[in-house]
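Protein chains in written order, with our numbering: chain A, 1 to 290; chain B, 1001 to 1357.
Since the hints were derived computationally from the structure, they do not count as laboratory data.
All C-beta atoms in this analysis are idealised placements derived from N, C-alpha and C, irrespective of residue type, glycine included.
Honestly, I wouldn't trust all of these hints.
Keeping only pairs whose Cα atoms sit at most 25 Å apart, straight-line, the calculated DMTMM-like set for lysine to aspartate or glutamate is [said to hold, decoys possible]:
{"id": "1", "chain 1": "B", "residue 1": "Lys1176", "chain 2": "B", "residue 2": "Glu1160"}
{"id": "2", "chain 1": "A", "residue 1": "Lys94", "chain 2": "B", "residue 2": "Asp1018"}
{"id": "3", "chain 1": "B", "residue 1": "Lys1103", "chain 2": "B", "residue 2": "Asp1077"}
{"id": "4", "chain 1": "B", "residue 1": "Lys1103", "chain 2": "A", "residue 2": "Asp193"}
{"id": "5", "chain 1": "B", "residue 1": "Lys1281", "chain 2": "B", "residue 2": "Glu1313"}
{"id": "6", "chain 1": "B", "residue 1": "Lys1120", "chain 2": "A", "residue 2": "Asp177"}
{"id": "7", "chain 1": "A", "residue 1": "Lys94", "chain 2": "B", "residue 2": "Glu1128"}
{"id": "8", "chain 1": "B", "residue 1": "Lys1083", "chain 2": "A", "residue 2": "Asp141"}
{"id": "9", "chain 1": "B", "residue 1": "Lys1103", "chain 2": "A", "residue 2": "Asp59"}
{"id": "10", "chain 1": "B", "residue 1": "Lys1103", "chain 2": "B", "residue 2": "Glu1128"}
Listed next, the stretches of chain B that the computed footprint assigns to chain A, with coverage defined by at least 3 CB atoms under 8 Å from CB atoms of chain A [stated by the list, open to error]:
{"id": "11", "segment": "1087 to 1093"}
{"id": "12", "segment": "1105 to 1111"}
{"id": "13", "segment": "1214 to 1225"}
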Amino acid sequence: MSAMAARSPFRTDGTWLLVGPAVIFLMLFFIYPFGYGFWLSFNPAEGAWSANYQKFFSDEHLWRTLIVTFQLSLPVTILNVGLALPIAFQLRRKTRYQRWVTTLLVIPITLGTVLIAEGMLTYFGPRGWLSQFLQLLHIYDGPIRLTHNFTGVVLSLVISGFPFAFLLTLSYVTGIDPTLARAAATLGAGPWDQFRHIYLPLLAPGLAITFCLAFVQAFSVFPSAVLVGAPSGPTRVISLAAYEAAFEQYDYSMASAVAMIMGFAQLIVVVAVLGLRRGLYRGPVGGGKG
Amino acid sequence: MNQLFKELRLAGVSRHFDNPSGQRVAALHELTLTIKRGEFICLLGPSGCGKTTALNCIAGLLPVTGGTISLDQHRIDLLPPEKRGFGMVFQNYALFPHMTVRKNVAFGLMMRGTPAGEIKTRVARAFELVQLTGHEDKLPGQLSGGQQQRVAIARAIVIEPPLLLMDEPLSNLDAKLRLEMRAEIRRIHRQLGRTTIYVTHDQEEALSLADRIVVMKDGLVQQVATPEEVYAQPANIHVARFMGYRNVLTLNAGTRNGQRIALEGQGLTLEGAVKQDPGGKAAVAIRPEDISVGSGPNTIAGKIENVEYGGHESLIDVRAGNDVLLHVRTGARVKMGEAVTLTVAPERVLVYLAETA
């Protein structure tokens, strides 16, 4: 019986009270607003309880935002994780340059989206440095349109999202015991086989997590879609639709419904990726005892 | 490279690195050694002596910074590890945690493109050899340390490497298992008739396994000899100290008569056997088990200061001469505080050049 008592999470010393602040914070700033928004979305200004949802999926101006957001966020996420993996892999060994390169790659994480957009307009814009430089050297003489369109938002999301994906991937890569690859080498595995049979399977669960976080970050794109995108059409993302409903039409119920749809879409992707991850090896990434 | 060779020649193999203050340091300095097919070689030395560096250079995991490694006529020191085809057992086993034990063992054959049917029979035979049949479908994390170690051996030998490299494979095991595995490794070596290079810091392990022992210190080879020779006739005072000559005295060298030499100092007068011409100051090494209680040549009088009971024999500390502490292993029943007379045969008092500190 005493063993059972010792295993109970509610120990008599009251340490469980330490979770109190976190629980209160979660209730006040996440659970309550979420629940309220959920309830609000089913209480439209006029019409049946599901009127907001019916409107969203019947109005092309609205449902298209969902597709546009996926068209932006999925390629951007794949690009960010896909770029992060080979670079992090190359930097897995401690070298003289490692810290220098890592710092350089991570700097954009400290910049806000608005600051990045400012910089992009100066650099990538129609009269920006890049286009002036290319035209000066006659490398490309046509007009260069890298901002105020789909490409601009993709660039902005890569600049702000890559450092994040890179840092996460780097921590997963460096966590893998390098003797495993050396053991594979003594067994006849060349560099590619070492990557394919040893590193990749051990990294896959971490890459799945990185993918989920990078995706959620890209899916909620808002400022850059307006500042360096074309918010009236090609980059009219779902968060923009929610903003318009809330602050231009003052229809909080509709805005809540859009937010719920946005959350549900993210949830579907995250659940799908984590579901795939369940099939992978997720144990320790060391080579044995000692 | 997977054919059998006649000899592996290491010629002046060195490995340098730059330490943080920018100095060039030799982790391994000009190792020259010829290993014949079928030999069991132990690289023995304290940690930091360069033995693992030497092994990694042979495996191709570390590039050499000097010298050459050749198999018969072919130079191999520029080949990557996957082209050398040597089997290696790592100190921490380095089993692939995400593969079943069977896949771990089959990995080397898979990389060689061995047909599936042949992989199956060879893997099964390897499991039999290391006595792990029945555990094939477990993950490495589900096995005990001793079982993981045997998987690591099976994985290395299943590719039938011409040369098997082992880096302190027993250091993570408990004492009983270590003895069992030692016999196992020796048995596998004999059964396969392949060449083995084995790194260890445990002199007992080296003595029991090796055909020849390479004793190393600070990146330099100190002695290459059979276990009997290394044990009885260490080449210098470092080897003697490492091989269990616990009594090391600094005495004045007196008159020399052939291999015999008179020694005096610290209140003791002894006769010893010259291993290295000592000049004026001699380092004198005596093994605790070579000193016995009783009278004979080289009599030393002293007082017992400590007795460590050890079953068949006890380890006693004797204070003799001018405050010299001697370690003695004896079967005689003695008590703390007793006066005692010790004797040691002159040929077991080994005389070396004193260490230059």
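Hints and how they fare:
1. For the proposed pair B/Lys1176 and B/Glu1160, the alpha carbon gap of about 28 Å is over 25 Å, so the pair is violated.
2. Our distance criterion of 25 Å between C-alpha atoms is met by A/Lys94 and B/Asp1018, whose separation comes to about 14 Å.
3. For the hint pairing B/Lys1103 with B/Asp1077, the CA-to-CA distance comes to about 30 Å; that exceeds 25 Å, so the pair is violated.
4. Proximity of B/Lys1103 to A/Asp193 is assessed by CA-CA distance (about 15 Å); at most 25 Å being required, the pair is judged to hold.
5. A threshold of 25 Å between alpha carbons decides the hint, and for B/Lys1281 with B/Glu1313 the separation of about 33 Å lies outside it, so the pair is violated.
6. Annotation: proposed proximity of B/Lys1120 to A/Asp177 is violated, straight-line Cα distance about 28 Å (limit 25 Å).
7. Straight-line distance between C-alpha atoms of A/Lys94 and B/Glu1128 comes to about 41 Å, which puts the hinted pair past the 25 Å bound.
8. For the hint pairing B/Lys1083 with A/Asp141, the CA-to-CA distance comes to about 51 Å; that exceeds 25 Å, so the pair is violated.
9. Pair hint B/Lys1103 plus A/Asp59 does not hold up; C-alpha atoms about 55 Å apart against a cutoff of 25 Å.
10. For the suggested pair B/Lys1103 and B/Glu1128, the alpha carbons sit about 16 Å apart, so the restraint of at most 25 Å is met.
11. Using a Cβ-Cβ cut-off of 8 Å, 6 residues of the segment 1087 to 1093 of chain B lie near chain A, which meets the minimum of three, so the contact claim holds.
12. Coverage of the segment 1105 to 1111 of chain B by chain A holds [criterion: at least 3 residues with CB-CB distance below 8 Å; count 3].
13. Given a C-beta distance limit of less than 8 Å, the hint that chain A covers the segment 1214 to 1225 of chain B is violated, as 0 residues qualify and 3 are needed.
Checked against the numbered hints listed earlier, the structure breaks hints 1, 3, 5, 6, 7, 8, 9 and 13; every other hint is satisfied.
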